[in-house]
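Enquirer: Here is what each chain is made of, one letter per residue.
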Amino acid sequence: MTTRDLFEETYSAVTVNKVRSGLTMLGIVIGIASVIALVAVGQGSQAAVQANIESLGANLVMVIPGATKSIGTTVRSAAGSSETLTPDDAAAIAADVQNVAAVAPEVSGRYQTIYKANNTNTNVIGTTPAYEQVRNVSVDTGSFFSDTDVTNSNRVAVIGPTVLQDLFAPSTNASATPDMAIGQTIQIKGTQFTVIGVTVSKGGSGFNNQDDVIYVPLGAAQHYLLGNTGYLTEVDVEASTEQSMTQVQNDITSLLLERHGISDPTQADFTVLNQASIVSAASSVTGTFTTLLAAIAAISLLVGGIGIMNMMLTTVTERTREIGLRKAIGAKKSDITLQFLAESVMLTFTGGVIGIVCGWIGAFLISLFAGITTTVSVPYILLSFFVSAAIGIVFGYYPARRAASLNPIEALRYE
Amino acid sequence: MKEDIIACRDIKKVYGTGDTAVTVLKGITFSIKEGEFVAVMGPSGSGKSTLMHILGALDTPTSGEYFLDGKDVSKLSDEELADIRREKIGFVFQAFNLLPRTSVLRNVELPLVYANIPKEIRVTVAQKALADAAFPEAFWPYYSNQLSGGMMQRVAIARSLVNNPALILADEPTGNLDSKTGEIVLHTFQSLNRGQGKTIILITHEPYVAEHADRIIHIRDGNIVSDEKNEHKRIARNEKEIPI
Chain U
1 MTTRDLFEET YSAVTVNKVR SGLTMLGIVI GIASVIALVA VGQGSQAAVQ
51 ANIESLGANL VMVIPGATKS IGTTVRSAAG SSETLTPDDA AAIAADVQNV
101 AAVAPEVSGR YQTIYKANNT NTNVIGTTPA YEQVRNVSVD TGSFFSDTDV
151 TNSNRVAVIG PTVLQDLFAP STNASATPDM AIGQTIQIKG TQFTVIGVTV
201 SKGGSGFNNQ DDVIYVPLGA AQHYLLGNTG YLTEVDVEAS TEQSMTQVQN
251 DITSLLLERH GISDPTQADF TVLNQASIVS AASSVTGTFT TLLAAIAAIS
301 LLVGGIGIMN MMLTTVTERT REIGLRKAIG AKKSDITLQF LAESVMLTFT
351 GGVIGIVCGW IGAFLISLFA GITTTVSVPY ILLSFFVSAA IGIVFGYYPA
401 RRAASLNPIE ALRYE
Chain R
416 MKEDIIACRD IKKVYGTGDT AVTVLKGITF SIKEGEFVAV MGPSGSGKST
466 LMHILGALDT PTSGEYFLDG KDVSKLSDEE LADIRREKIG FVFQAFNLLP
516 RTSVLRNVEL PLVYANIPKE IRVTVAQKAL ADAAFPEAFW PYYSNQLSGG
566 MMQRVAIARS LVNNPALILA DEPTGNLDSK TGEIVLHTFQ SLNRGQGKTI
616 ILITHEPYVA EHADRIIHIR DGNIVSDEKN EHKRIARNEK EIPI
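As they're listed, the protein sequences go chains U and R. For the first sequence, position 412 matches number 412 in this note's numbering, and the numbering has no gaps at all. Here this note's numbering runs 415 ahead of the position in the second sequence, where the first position is 1.
Here chain U stands alone, though its shape is the one from the complex:
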């Protein structure tokens, strides 16, 4: 039997009962589509989380006050509740630790901010110009504040795009341009600050909106907003190279332990976080999440495969006489096996292709309506192709063998 004949026979056999073939195929369609869509969701979240962490800055090592938590846990007591880091610590890190490109001490808090009739509650960060480099902040319009601003505790502010929109938009539907804000005076916690710059959007959403922020000079924040406490809520350190991050992390730890007079590292009153370890911890979480989603989808694929087997067994019974006739006119066992295998493979393969298209559309709709980033990956599509064909072979093999081993005499007599 030539390949073309096999294809023709298979095609006509599959299309004879379109409804049944369609319903059987549906099992595979749903299985493959859910694998594609759910893996896309998983991988999309993974990519989003990584991009988010990496947008914090390059080669970043963060020092925060408070006790060490297990790796990957960023939950800590409220910022400022532990008062252990001082600007002198930051200066010591800059002076004594090798391979440090920049150090940015930071204080932060949420304050009510007012411009004319508009007001918003936003994250205010007091820091130094080094922050711009360390945390990868770029100014879109205007400029970041200078060292002089920090020294003199000038009341100047650089605002994020979300704050710009919240405070300066002429109406809720219109968008604000940076020019509307530059030179204007806003009130943060009742103190007037002059807007001198607007940053470029960094993305992020919900609780982690990196654009909903106001940067002010460190001294101004301490003096006008925090009420002259000398403590920092964070010190951001940029290592000069990716390779030196671990060394920088270790050196900061020993330096601060010494400065704080602590001999037992487990009793440290600060935590040094390495960006790379955060990324890998977050990746492992989202990776597990992806695997879980794929496993759930795989179960539905398995159920679809059993559906194929069920239908093929029914078909073999229904077509017993036909199989008998085919054998009587000279079909070999291998011809019959091949024919029934081809039928199930055609069902699963077609189902697989439709499933991939549906999964792709599904992933697109999920990101459109649920706002979750999805990434449809080509390796998974190829994998789905082969898996769907393999399901056809695996679940079609038993019915096909059963058809091929029918005795032609009994098959011809079958009622």
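Hints in this document: simulated from the structure, not taken from any laboratory. Where hints are given, some of them may not hold.
Here are the simulated BS3-like cross-link-like pairs (lysine-lysine), alpha carbons at most 30 Å apart as the crow flies [what the hints assert, rightly or not]:
| id | chain 1 | residue 1 | chain 2 | residue 2 |
| --- | --- | --- | --- | --- |
| 1 | R | K648 | R | K595 |
| 2 | R | K427 | R | K448 |
| 3 | R | K595 | R | K655 |
| 4 | R | K448 | U | K332 |
| 5 | R | K503 | R | K486 |
| 6 | R | K486 | R | K441 |
| 7 | U | K332 | R | K655 |
| 8 | U | K332 | R | K490 |
| 9 | U | K189 | U | K116 |
| 10 | U | K332 | R | K543 |
| 11 | R | K486 | U | K333 |
| 12 | R | K503 | U | K333 |
| 13 | U | K332 | R | K534 |
| 14 | R | K534 | R | K427 |
| 15 | R | K427 | U | K333 |
| 16 | U | K333 | R | K534 |
| 17 | U | K332 | R | K427 |
| 18 | R | K648 | R | K503 |
| 19 | R | K595 | R | K534 |
| 20 | R | K490 | U | K333 |
| 21 | R | K534 | R | K503 |
| 22 | U | K18 | R | K534 |
| 23 | R | K490 | R | K448 |
| 24 | U | K116 | U | K332 |
| 25 | U | K332 | R | K503 |
A few chain R positions that, by computed beta-carbon distances, are all more than 10 Å from chain U [to be verified]:
| id | residue |
| --- | --- |
| 26 | G460 |
| 27 | G479 |
| 28 | R609 |
| 29 | K644 |
Chain U stretches covered by chain R per the calculated footprint, using a threshold of three residues with CB under 8 Å from any CB of chain R [unchecked claim]:
| id | segment |
| --- | --- |
| 30 | 9 to 22 |
| 31 | 320 to 334 |
As the structure is a computational prediction, the values presented were derived from the model and not from experiment. Ideal Cβ positions, reconstructed from N, Cα and C, are used throughout, including at glycine.
Using the hints provided, position chain R relative to the given structure of chain U.
Expert: Then chain R, alone, in the frame of chain U:
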């Protein structure tokens, strides 16, 4: 003198083993020459179906020898039997056994599909076979299940001819037909036998049908009880000759 196309020597067929063994064929010996039209007659349970299965290479005898077209078929494997059926035998069944929802032409082509004949040749051969089986050209585009019983049986006859077999084996070919269409089918067999010299074995339990053959073999209880030339051969009429 023409060659023996079939030679059976002491064919026995036993089903089951030990105490439950049933001997269906008890030693059948006969031969059929090329171009003969033979009817095998017998009541149900006589063993004629079992004989047909052995003659049709669907089954092998427990003992004895069966030569088909000079080749010993009695000890072949399943796969080798499939080759014999494909190359040397054309079947016509009582229940037609056409593929439903499949065109007439495709049905006739089917044995050639398994013989790996290219499509272009298949179509030509199948059309010739349909013409030989007196199947009207007007019905060629139809699906098999849209045809009347008589038409379906002619498609089945065309299918049995298509691989140019040494032997056409017809098992109760008129059993599902009324007497008029039955006669037309018998006419087709007779003209294939006379016109083209096809060897035909017709298996039936109806004496009237058997009388259309040249020779009648009677089987009873697994033995041949008579094997003689049919002195009163009936000539079947085609549809044009049958008064309505």
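Enquirer: For a C-alpha distance cap of 30 Å, please report whether K18 (chain U) and K534 (chain R) respect it.
Expert: At roughly 26 Å apart (the allowed maximum being 30 Å), K534 (chain R) and K18 (chain U) satisfy the hint.
Enquirer: Holds or violated: K332 (chain U) and K503 (chain R), Cα atoms, limit 30 Å.
Expert: holds, 15 Å
Enquirer: Take the C-alpha atoms of K116 (chain U) and K332 (chain U), compute the straight-line distance between them, and say whether it is at most 30 Å.
Expert: Status violated; Cα separation ~89 Å.
Enquirer: Mind checking the alpha carbons of K332 (chain U) and K534 (chain R) for me, to see if they're no more than 30 Å apart?
Expert: It holds: about 20 Å lies between the C-alpha atoms, which stays within 30 Å.
Enquirer: Hinted pair, alpha-carbon criterion (30 Å max): K189 (chain U), K116 (chain U). Please report holds or violated.
Expert: It holds: about 14 Å lies between the C-alpha atoms, which stays within 30 Å.
Enquirer: Keeping to a limit of 30 Å between CA atoms, is the pair of K595 (chain R) and K534 (chain R) held or broken?
Expert: violated, 36 Å
Enquirer: Beyond 10 Å from every Cβ of chain U: is that where the Cβ of G460 (chain R) lies?
Expert: Given a closest Cβ separation of 15 Å, the condition holds.
Enquirer: Take the C-alpha atoms of K333 (chain U) and K534 (chain R), compute the straight-line distance between them, and say whether it is at most 30 Å.
Expert: holds, 22 Å
Enquirer: Hinted pair, alpha-carbon criterion (30 Å max): K486 (chain R), K333 (chain U). Please report holds or violated.
Expert: Holds: K486 (chain R) and K333 (chain U) sit about 22 Å apart, inside 30 Å.
Enquirer: Quickly compare the C-alpha distance for K332 (chain U) and K427 (chain R) to 30 Å and report which way the hint goes.
Expert: Holds - the C-alpha atoms of K427 (chain R) and K332 (chain U) are around 26 Å apart, at most 30 Å.
Enquirer: Taken at face value, is the distance from the CA of K486 (chain R) to the CA of K503 (chain R) at most 30 Å?
Expert: Satisfied, since the Cα-Cα distance of roughly 11 Å is no more than 30 Å.
Enquirer: Is the hinted pair K486 (chain R) and K441 (chain R) satisfied, with a Cα-Cα distance of at most 30 Å?
Expert: holds, 22 Å
Consistency with the previously given hints fails for numbers 7, 14, 19 and 24, ordered from lowest to highest.
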